[in-house]
Every structure is written in structure tokens, then in C-alpha cells.
Amino acid sequence: MRTGSSDFVLEGDAGASPGPLDDLARGTGGVASWADDGPARRIRRTWLDTFDWRLYRAGLSLEQQTNGSGSDLVLTGRDGERLAVQPVPPANGRPGVSWPTLVSGLPAGPLRELVEPVAGIRALAPVARAESRVRQQRVLNADAKTVARLAVDRMSVTYPARATAEPRLSVSAVRGYQAQADKISRALAASPGVRRGSATALEAALAAASCEPGGRASRIQLTAGMPVGKASAAILLALLDAIEDNVRGTIADVDTEFLHDLRVAVRRTRSGLKLAGKALPDGMAASYRPEFRWLGDLTTPTRDLDVYLLGFDDMAGWLVAAAPDELLPFRDYLERERAAAHGALARGLRSARFRRLTSQWRAALTGVRADRRRPTVGQLAARRIGVAQQRALTAGLRITPASPAEDLHSLRKLCKELRYVVEMFASLYDPAQLWQAVRELKALQDCLGAFQDAEVQLEEIRAFADRMLTERSAPAATLLAMGEIAAGLARRQQRARTEFDGRFAAFAGPVSQARLAALTEAGSA
Amino acid sequence: MKIFATYNIKGGVGKTATAVNLGYLAARDGFRVLLWDLDPQGAASFLFRVKPRVKGGGKALIQGSRPIDGAIKGTDFENLDLLPADFTYRNLDLLLDAAKQPARKLASLLRPLKADYDAVFLDCPPSISLLSESVLHAADLLLVPLIPTTLSVRTLDQLTEFVGGFNGHRPEVLAFFSMIDRRKRLHTQIARELPAQRSDFASAAIPALSLIEQMSVQRAPVTAFAPRSAAALQYVTLWQEARERAGLADPAAD
Numbered sequence: 001m002r003t004g005s006s007d008f009v010l011e012g013d014a015g016a017s018p019g020p021l022d023d024l025a026r027g028t029g030g031v032a033s034w035a036d037d038g039p040a041r042r043i044r045r046t047w048l049d050t051f052d053w054r055l056y057r058a059g060l061s062l063e064q065q066t067n068g069s070g071s072d073l074v075l076t077g078r079d080g081e082r083l084a085v086q087p088v089p090p091a092n093g094r095p096g097v098s099w100p101t102l103v104s105g106l107p108a109g110p111l112r113e114l115v116e117p118v119a120g121i122r123a124l125a126p127v128a129r130a131e132s133r134v135r136q137q138r139v140l141n142a143d144a145k146t147v148a149r150l151a152v153d154r155m156s157v158t159y160p161a162r163a164t165a166e167p168r169l170s171v172s173a174v175r176g177y178q179a180q181a182d183k184i185s186r187a188l189a190a191s192p193g194v195r196r197g198s199a200t201a202l203e204a205a206l207a208a209a210s211c212e213p214g215g216r217a218s219r220i221q222l223t224a225g226m227p228v229g230k231a232s233a234a235i236l237l238a239l240l241d242a243i244e245d246n247v248r249g250t251i252a253d254v255d256t257e258f259l260h261d262l263r264v265a266v267r268r269t270r271s272g273l274k275l276a277g278k279a280l281p282d283g284m285a286a287s288y289r290p291e292f293r294w295l296g297d298l299t300t301p302t303r304d305l306d307v308y309l310l311g312f313d314d315m316a317g318w319l320v321a322a323a324p325d326e327l328l329p330f331r332d333y334l335e336r337e338r339a340a341a342h343g344a345l346a347r348g349l350r351s352a353r354f355r356r357l358t359s360q361w362r363a364a365l366t367g368v369r370a371d372r373r374r375p376t377v378g379q380l381a382a383r384r385i386g387v388a389q390q391r392a393l394t395a396g397l398r399i400t401p402a403s404p405a406e407d408l409h410s411l412r413k414l415c416k417e418l419r420y421v422v423e424m425f426a427s428l429y430d431p432a433q434l435w436q437a438v439r440e441l442k443a444l445q446d447c448l449g450a451f452q453d454a455e456v457q458l459e460e461i462r463a464f465a466d467r468m469l470t471e472r473s474a475p476a477a478t479l480l481a482m483g484e485i486a487a488g489l490a491r492r493q494q495r496a497r498t499e500f501d502g503r504f505a506a507f508a509g510p511v512s513q514a515r516l517a518a519l520t521e522a523g524s525a
Numbered sequence: 526m527k528i529f530a531t532y533n534i535k536g537g538v539g540k541t542a543t544a545v546n547l548g549y550l551a552a553r554d555g556f557r558v559l560l561w562d563l564d565p566q567g568a569a570s571f572l573f574r575v576k577p578r579v580k581g582g583g584k585a586l587i588q589g590s591r592p593i594d595g596a597i598k599g600t601d602f603e604n605l606d607l608l609p610a611d612f613t614y615r616n617l618d619l620l621l622d623a624a625k626q627p628a629r630k631l632a633s634l635l636r637p638l639k640a641d642y643d644a645v646f647l648d649c650p651p652s653i654s655l656l657s658e659s660v661l662h663a664a665d666l667l668l669v670p671l672i673p674t675t676l677s678v679r680t681l682d683q684l685t686e687f688v689g690g691f692n693g694h695r696p697e698v699l700a701f702f703s704m705i706d707r708r709k710r711l712h713t714q715i716a717r718e719l720p721a722q723r724s725d726f727a728s729a730a731i732p733a734l735s736l737i738e739q740m741s742v743q744r745a746p747v748t749a750f751a752p753r754s755a756a757a758l759q760y761v762t763l764w765q766e767a768r769e770r771a772g773l774a775d776p777a778a779d
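Protein sequences appear in the order of chains Z and D.
Number 525 marks the last residue of the first sequence (the working numbering); no jumps.
Number 779 marks the last residue of the second sequence (the working numbering); no jumps.
The hints are all genuine.
Think about it this way: if two alpha-carbon atoms lie no more than 20 Å apart in a straight line, the pair counts; the simulated SDA-like pairs of lysine to any residue are:
(1) D:Lys576 / Z:Asp143
(2) D:Lys576 / Z:Arg138
(3) Z:Lys278 / Z:Gln360
(4) D:Lys535 / D:Glu738
(5) D:Lys580 / Z:Gln178
(6) D:Lys580 / Z:Arg175
(7) D:Lys639 / D:Asp594
(8) Z:Lys442 / Z:Gln493
(9) Z:Lys183 / Z:Ser170
(10) D:Lys576 / Z:Ala142
(11) D:Lys639 / Z:Arg82
(12) Z:Lys413 / Z:Gln493
(13) Z:Lys413 / Z:Ala508
(14) D:Lys580 / D:Leu635
(15) D:Lys576 / Z:Arg175
(16) D:Lys576 / Z:Asn141
(17) Z:Lys416 / Z:Ile399
(18) Z:Lys416 / Z:Arg289
(19) D:Lys639 / Z:Arg175
(20) D:Lys576 / Z:Gln180
(21) D:Lys580 / Z:Gln180
(22) D:Lys576 / Z:Gln178
(23) Z:Lys230 / Z:Ala285
(24) D:Lys576 / Z:Leu140
Covered, in the sense of this in silico footprint (three residues per stretch, anywhere, with C-beta under 8 Å from a C-beta of chain D), are these stretches of chain Z:
(25) 143-151
(26) 172-182
Quick caveat, the hints were computed from the structure, so don't treat them as lab data.
No experiment lies behind these values; they were computed from the predicted model shown.
Backbone N, C-alpha and C fix where the C-beta goes; we use that ideal spot for every residue, glycine too.
Please put together the full structure from these sequences, using the hints given.
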């Protein structure tokens with residue numbers, strides 16, 4: 001059992017064996033000698049992460065290592081310590097898992113249990129591939145006892161670009177011999193052409209391929225004095241990037257979050273056109289508004305069905321009289337509907353209309369010039385946030401216990417608009433102050449979201465039941481079980497409605513309103 | 526974690542060779558293995574090139590003033606660690622005598638290592654003592670090497686009767702013939718007949734070969750430096766039988 005390790009990078013000629021090892025022997029006063037520890041090993045490596053790098057951000061690295069004898073998934077932590085290893089059976093006649101896959105596609109075991117809460121519903125897909133040639137040597141003391149192992153890893157990166165990484169040398173102490181390993185590490189650190197390396201193997205592979213982990217930095221930095229047209233174009237361009245980044249994953253149906261993120265970017269674009277449209281050249285917002293509405297509508301049916309399917313197991317847990325199996329025809333029905341909806345969505349995203357929209361929109365935004373006659377972005381943000389805040393307040397104060405569901409839905413839309421406008425100009429404000437300012441708004445939105453989602457799902461489940469009955473695709477037991485789900489949705493909606501008064505009072509209270517006002521005062525200066 | 530102990534009242538019957546080779550084979554199978562060299566002579570420590578020295582000696586371990594895992598050394602083999610011998614182990618009986626529940630002491634010392642190891646091998650010195658009693662109480666499986674003579678079979682019966690009288694946890698006993706001299710008719714006859722008649726005998730039988738003696742020259746298990754030799758193959762069979770008898774499941778992925 002080995003413990004403790006330190007890593008080095010071999011620069012230039014030092015990568016040629018056994019250069020640094022000669023120096024090592026001299027540096028440790030001849031105490032250490034070394035012996036080959038078996039022949040060099042070739043390992044094919046594939047690093048996996050979610051599209052938004054959830055594992056990397058959590059300090060985890062998931063790697064599939066394949067050699068002549070099979071394939072393993074290896075999960076390592078922030079300090080390079082192995083957290084779990086899981087052998088994987090062959091897939092499609094080849095060793096390893098077929099990527100991308102949801103976490104449920106990983107072999108069951110401790111590794112999956114560690115990855116599951118981090119990756120959530122996102123799929124794991126390759127973020128880098130490389131082939132490593134690892135030569136290992138044992139460092140021996142005067143009794144010819146192994147006290148440490150040196151491994152030189154020469155890595156050829158094949159994805160995201162072809163490149164050769166600098167050779168990496170790691171020193172691993174054998175348990176009980178840490179002092180000797182430290183001595184070896186010190187000697188190595190003093191050797192010419194050797195420098196300490198802190199990058200993980202994934203970071204080294206990506207660096208060699210001139211890439212960075214963590215994905216695209218999507219936040220743009222606004223300043224209060226920026227001309228509003230230029231600032232709005234920058235915001236809308238970042239949203240267009242987000243739309244385009246998620247198209248491929250949505251079409252390939254890798255996981256449901258691609259569509260979710262695409263929809264969020266479309267909704268924000270639509271809000272942006274509404275809120276800052278006047279800052280753009282004349283007629284630009286008006287001509288694109290219908291196209292983004294088309295795009296938003298295109299994504300709705302699939303997303304609604306995704307919400308149903310993602311919450312399906314939870315809903316099945318509400319059943320009292322029916323057995324969960326009795327809901328299976330309903331699930332099959334939803335999955336068939338979703339497959340059809342996704343087909344239409346994918347066709348829309350592959351269409352000439354969509355391509356035209358994104359390319360022309362990009363060209364139009366790139367062509368926006370600074371116009372000094374218009375207000376600054378700080379002034380516009382303050383005005384827009386103030387207006388959106390006032391509209392949400394007014395609409396909320398009108399709501400009574402007798403108000404119909406549509407009124408709550410309208411308030412939800414106004415709250416969303418307020419949230420979008422705050423987020424759109426987020427980089428103008430202090431992050432801590434911003435978080436405080438939207439805290440009550442977020443809580444209110446969650447409550448309104450729960451109310452409205454239940455409302456929509458209730459309508460939908462009735463419509464599904466009608467169609468399933470007409471198509472004779474469900475036995476009576478299934479329809480009865482769906483009735484129980486409908487009752488559960490009604491309870492959930494009622495709970496949200498009960499919570500609403502408290503949530504709105506907190507949002508409309510003087511503390512929350514003062515925080516929002518203070519935010520814009522600070523930013524509009 | 527399963528605890529295997531190689532035990533015999535007599536010396537020179539192959540206890541250390543068995544512990545070292547079975548420990549190595551278990552590690553090779555992917556189990557996380559600890560071998561505790563309890564013999565102050567330190568033969569197992571010598572074979573693994575580890576200095577027979579424990580900080581604070583046996584006293585610190587038994588009294589708990591130093592944690593047991595701080596004394597563990599990695600061997601040259603992946604997954605195989607060693608708790609070395611120390612010359613002060615010759616006094617372990619006295620130290621145990623002063624401890625609470627001496628017969629249960631070894632088991633309680635090993636308990637904290639449960640999460641770190643799948644298999645522990647205790648290489649015992651030849652004796653009947655408080656230490657050996659503590660070993661017998663800690664073990665799940667007693668591996669008893671016997672030279673094929675009528676007297677050694679009698680000793681086995683005495684041992685089985687002794688552990689059969691334990692309250693609560695009782696180790697299983699798996700005897701096997703060791704150091705079989707093929708030139709001696711009595712050896713071959715007993716080694717052939719007894720395992721077929723008794724359920725506490727392994728079918729594996731370790732021959733007396735100079736290759737096994739070579740271990741002290743090579744300073745490695747014979748199963749590592751001569752894995753295809755007749756001796757190594759017998760150890761492989763013995764390990765399979767021991768593993769099955771102890772109910773050691775396949776190693777878990779870490």
C-alpha cells in the first residue's frame with residue numbers, strides 16, 4: 001500500500017531517461033538506487049465530465065483507463081488521491097463505457113455513488129483523451145528494499161487536439177518510508193530540467209492541447225459608464241454563445257440540461273430584446289423578436305415532457321391506492337410523446353431558419369456601434385430594474401385569496417422579468433450585495449414556479465388521460481393511478497398557494513425593497 | 526477483514542513460509558493484506574527486507590501508547606503491508622498478562638484496521654503462551670502446518686479441542702502437511718491418507734524443497750520469484766482452500 005506522492009514535470013532533455021534519476025542518486029548521497037518495476041505500460045485514458053464541468057469544479061477527476069487487460073473507471077480527488085476504482089465490462093464489443101452516458105449508465109458501485117450527487121442529471125462525456133506510456137521504477141534503500149516508486153508518464157493527447165504533453169514524474173512513498181520519499185523529492189526538485197508540477201493529468205492534457213478546463217467563461221464584465229447599445233450587444237452575444245453551445249447536445253439528446261440551458265438563454269434573449277431593445281439600432285429588436293419567440297415555442301413541448309419525466313419517480317411515490325407498476329403505461333406514453341416532440345425540436349434546430357436566425361443575429365450584434373447620445377448601461381439598468389420591481393410589486397399586491405391562477409402566472413412572468421434584468425446587468429454590481437438583493441425574489445419565484453408547474457401539469461395530465469383513453473393505450477388501472485397523481489399535483493399547488501402570502505410579504509417588505517433599490521443606486525453612479 | 530494465523534507449537538515447520546506466501550498470493554489477488562510478524566526472531570520481516578523494529582516496541586503497541594497503523598511498513602509488493610517484528614516481542618506474554626482481557630487483546634488491537642485491510646496474516650512464534658491464546662482468539666482461520674507424523678496429528682487434535690472450548694468466537698482450523706520428504710514412506714503415506722479422511726485438512730501439501738529455503742536468499746516469497754514451481758503451486762492451492770474456508774469474498778474495487 002503506497003501513501004503520499006509528489007509530482008514533477010520534466011523539461012526539455014530531462015525527459016530522456018534516466019537523466020534525472022542519475023542526479024537523484026547523487027543528490028541523495030548514494031543512498032538510493034533504482035530498479036525497473038516491470039515493462040513500460042500503455043494506457044488509453046479518457047477523462048469524463050459533464051458539459052458544465054461539475055466534477056472538475058467539485059475537485060474530482062473521473063477517468064476511464066484502458067490497457068491490454070481491461071478497462072477501469074478511476075475517480076480521484078483534489079490532491080490526486082484515488083477515491084474509487086471500478087472495473088467496467090466491455091460495451092459494444094469494446095472495453096469501457098459507451099460515452100456520453102448518464103450516471104445511471106455507470107456500473108453500480110461506490111464510484112457511481114460518489115459521482116451521482118455531483119453530476120446529477122447531467123451526462124458524462126469525454127473532455128479529453130490521451131495515450132500514456134508509463135515507465136515505473138523502484139527506489140531502493142541500502143537493503144535493496146523498495147522505499148518509493150517513480151513513474152514517468154509520457155502522454156500523447158488525442159482530444160480535444162493532438163499534442164504531446166511534457167513528461168510527468170511522480171514519486172510515491174511506500175507506506176512507512178515517507179521520510180525517504182521526501183528526501184528523493186527534494187533531490188529531484190534540485191535536479192536540472194525538473195520542476196514541481198501542480199497540474200492534474202487532466203489539466204496537463206488540456207494545457208498541452210491549448211485548452212482550459214471549466215468551459216467557456218460566459219460572464220461578461222460591464223461598467224456603469226458603458227454605452228448602452230454596445231453593452232446590450234455584448235450581453236446578447238453572450239446569450240447567443242450559450243444558445244449555440246447547447247444546440248449540439250440538445251439535438252443529440254445527451255441530457256435534458258442542454259435543452260434547459262438553451263431555453264434559459266432564449267428566454268433571456270427575449271427579455272433582453274424587450275428591456276434593452278431601444279438601445280439597439282432602430283428596428284433590430286422588432287425584427288428579431290418573432291424569430292426568438294418561434295425558437296422559444298419550438299423548445300416548449302419537449303421541455304414540458306422532460307419536467308414530467310424527471311419528476312416521474314417522485315410522483316410515483318405519491319401513490320397510495322395504486323401500485324407504481326400501474327403507472328408504467330403512462331410513462332411509456334410520455335416517453336413516446338417526448339420522442340416525437342424531440343424529433344420536431346431537432347428538425348427545427350437543424351433547419352435553415354434556425355441557422356439563418358443565429359448567423360444573422362450574430363452579424364447584427366457584432367455590427368452594433370457605440371452611440372453616445374443614448375444613456376449609459378448603468379442608467380438603463382437602474383431604470384429597468386426600478387420599473388420591473390414596481391410592476392412586480394403592483395401585480396403582487398393585487399392578488400387576493402380569490403385571484404385566479406392566471407394572476408399568479410402573470411406575477412410569475414413579471415418576477416422572471418425582474419430577475420432577468422437584474423442578472424443581465426449582474427456584472428455591474430457587487431456579487432454579495434446582488435445575492436442579498438434577490439434572495440426574497442428567488443424564494444418568491446420558487447413558490448410561484450411550484451404553483452404554476454402544478455397548474456400546467458394538472459392541465460396536461462387531464463389532456464394525456466383523454467388522449468390515452470381515445471387511443472385505448474392505457475388500462476383503467478393506469479388512469480386511476482393518474483388520478484392519484486392529479487390529486488398529488490393539486491395538493492402541491494395548494495401548498496404553494498398557502499406559502500405565497502408569506503413569500504410575497506417578504507419580497508414586498510421594506511428590507512427587501514431597500515436592498516434592490518440600493519443595488520441600482522450603487523450601479524447607476 | 527478476515528484474520529488468518531499460522532500456528533504450531535513446534536518451530537521450523539513452515540509457519541513463516543506459509544504466512545509470507547499466502548499473504549503475497551492474497552495481495553496478488555487484489556486483497557489489501559497486512560502481515561504481522563509476531564515472532565521476535567523476525568524471519569518474515571527479514572524476507573521482506575524490513576528492519577525488525579517497532580518504535581516503542583511491543584509495549585507501545587500492547588498498551589496503545591502508539592497507534593498500530595503508525596508502525597506498518599509497505600513491502601515491495603502492491604497491497605501487501607507488514608507490521609514488523611521487534612526483539613521486545615519476546616516479552617509480549619508479560620505485557621499481555623498486565624493488560625485487560627489478555628486473550629482478546631490482539632483482536633481489539635486489530636479492530637481499527639478493519640477498513641484498511643481485507644486480510645490479516647498473523648505469523649506466530651512457536652509456543653503455548655498467552656500470546657498464542659490471544660492469536661487463537663483473534664483468528665478466523667488457523668492455518669496449521671504439520672510434518673506428517675503420528676505425533677503431529679495428535680497435537681492437532683489437542684489444538685482443535687482447545688479452541689473448541691472457547692466461548693463465543695471460535696476459529697476454524699485448517700491443517701496441511703508441510704515439509705513433506707518424498708523419500709520417506711511414512712511422510713508420503715500419511716500425507717496421502719489423512720487429508721482424504723479428515724475435513725480439517727487441506728488437500729494442498731507443501732513439499733520440502735530447497736527452493737523454499739531459497740526464500741531467505743532471494744528475500745522474497747517463492748510464489749513471487751518462482752511462481753511456476755511445485756512449491757508455489759501448492760501454496761496457490763492452499764491459499765484457494767484457505768480463502769474459501771474463511772469465506773473471503775472477491776476483493777472490492779477501492
